[in-house]
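Novice: Below are the chains, spelled out letter by letter.
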Amino acid sequence: MNDIALYFRYTKISIKGQLEYRTSFVLQAAGQAILTATEFLGIWAMFSRFGQLRGWTLPEIAMFYGAINVAFSIADALSRGFDQFGNMVKSGDFDRLLLRPRSTVLQLIGQEVTIRKVGRLLQGIIVLAWAISAMHVGLSTGTAGLLLIAILSGVCLFTGLVILQATSAFWATESLEVWNAFTYGGVLMSQYPISIYRSWFRRFFTYVIPLACVTYYPILAVLNRMDPLGSVGWIQWVAPMAGILFLLIALQVWKIGVQHYRSTGS
Amino acid sequence: MNWMRPYLAVLSARFRSMLQYRAAAIAGLWTQVFFGMVNIMVYEAFYSSTDKQQPLTFAQVVSYVWLGQALLALLPWYADSEVRAIVRSGAVAYELCRPIDLYNLWFMRAMAWRTAPTILRAVPMVVLVMFVFPLIGLGEWRLHSPTLAAGLGFAAAITCTLLLSCAITTLMNISLMWTVSADGTVVMMNALVTIFSGMVVPLPLFPNWAQPVLMALPFAGLVDLPYRVYVGNILPGSIPLIIFRQLFWTVVLVLLGRWLMARGIRRIVVQGG
Chain W
1 MNDIALYFRY TKISIKGQLE YRTSFVLQAA GQAILTATEF LGIWAMFSRF
51 GQLRGWTLPE IAMFYGAINV AFSIADALSR GFDQFGNMVK SGDFDRLLLR
101 PRSTVLQLIG QEVTIRKVGR LLQGIIVLAW AISAMHVGLS TGTAGLLLIA
151 ILSGVCLFTG LVILQATSAF WATESLEVWN AFTYGGVLMS QYPISIYRSW
201 FRRFFTYVIP LACVTYYPIL AVLNRMDPLG SVGWIQWVAP MAGILFLLIA
251 LQVWKIGVQH YRSTGS
Chain Z
1 MNWMRPYLAV LSARFRSMLQ YRAAAIAGLW TQVFFGMVNI MVYEAFYSST
51 DKQQPLTFAQ VVSYVWLGQA LLALLPWYAD SEVRAIVRSG AVAYELCRPI
101 DLYNLWFMRA MAWRTAPTIL RAVPMVVLVM FVFPLIGLGE WRLHSPTLAA
151 GLGFAAAITC TLLLSCAITT LMNISLMWTV SADGTVVMMN ALVTIFSGMV
201 VPLPLFPNWA QPVLMALPFA GLVDLPYRVY VGNILPGSIP LIIFRQLFWT
251 VVLVLLGRWL MARGIRRIVV QGG
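In order, the protein sequences belong to chains W and Z.
The opening residue of the first sequence carries number 1 in my numbering; numbering runs sequentially from there.
The opening residue of the second sequence carries number 1 in my numbering; numbering runs sequentially from there.
Just so you know, these hints were derived from the structure itself, not from any lab.
Remember, it's a predicted structure, so these values are computed and weren't measured experimentally.
Note that the Cβ used here is the ideal one computed from N, Cα and C, for glycine as well.
Some but not every residue of chain W turned toward chain Z, in silico, with C-beta under 7 Å: (1) Gly31; (2) Leu35; (3) Thr38; (4) Leu41; (5) Ile196.
Bound conformation, chain W alone (with noise of 0.2 Å):
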């Protein structure tokens, strides 16, 4: 409990800070609000000359969208401290957090939450509405439910591949940049059904990163719709603990990654 009253007071003190540069806060929020919009912009430019996608609608695929960009948007504001982390190793900032009675991951975590990416977040919440103004059969209690896990559970998915690649800050300070091709790329990816892609390509994001899990499948079911991969009822509903399990695998990671961690002595 005391954990979390500190994390709260940590996330209190970060969007404060923030908030000293109001001007500088709202003109940042709305310039990403709307060159985020600008990707959703051209996926509606796709749309409107090809009319469709291998069956897909353009609200169909507002859902995707716009679910993988409040995930990613919520993970990478509360995931701040530990994309910074790769120049806490080199500076040797972070022997001074192994020095506090709390929790790395803790501290790294309130470490900042970036309120300034919240255009994402908005721009990911309107197309999100849109979508599920324009579905033919509305949502259920049930439906809204399992959208509301699969946004948690990709929020989960992305704070572990950015535990990830903090982690391999143990072991090499440069090229973390690697990392962006499944964060960002995976982003880009998640926001058209898996079933567009190649099956290699496919198999990579429901497996080893299993970001199909979190909104592909769930998001059939919300949809009502027929898996062109010919996935049953069932895995639809309980694919999301994909996420979940891979933040529990991540964290894991992280802490043998914290064994092994030898300062930089600076």
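Let chain W serve as the given structure and place chain Z on it in line with the hints.
Specialist: Just chain Z, lined up with the frame of chain W:
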């Protein structure tokens, strides 16, 4: 060639500093190849969804995507972080003391800032997607080589793209003189560049009614026009017109930048001692 000297000096410094980060360059290459492949698969799915004739063929779109990934650093994404630091710290006063016109210095700096990373990223990328891809069974996704006329036209057009891009970058740098945190302006400019250059979706794939507007804006000269010259969608006969449009916008933006800079210098306050 005296005016070139500051440019060459900044360029070689930038090259040498970037070459220190080879691991980061490889990581960046991998990320961009990944992004390119995802984009291509999406286009593949769209193209297989319809039999209708499209303004660009799938093979042309594939080449367009790879050019975009290879030349990403050429686009006016960010204001130069060195200029930002110079304005913020007050060192801009030193810049004004240098015996060279400030606009030219910043423009040359922008050129170095754009060309060094572009060359460093484009060369391995092109080797990979043009020559290695066919060998590993990804021939359909490879970057096609242009015809001779298209290749020459592209070389000319992409040089003009560099000038246009630097004019926009310098304009963003100058905007830093007004708001020390000009992040709003910069991110807004990024959004305009992203969508209207053709970086998100090739401009011919936008609806027909939007075409006149898209073509009238300066941003088409950054991505869409030179890439379409390369893939053969714009015929060699039209290349002079394309280059004229790029240069026209470059001149307009340079004049605008010079005018703003003159006003900015008049009201500049140097902070710190």
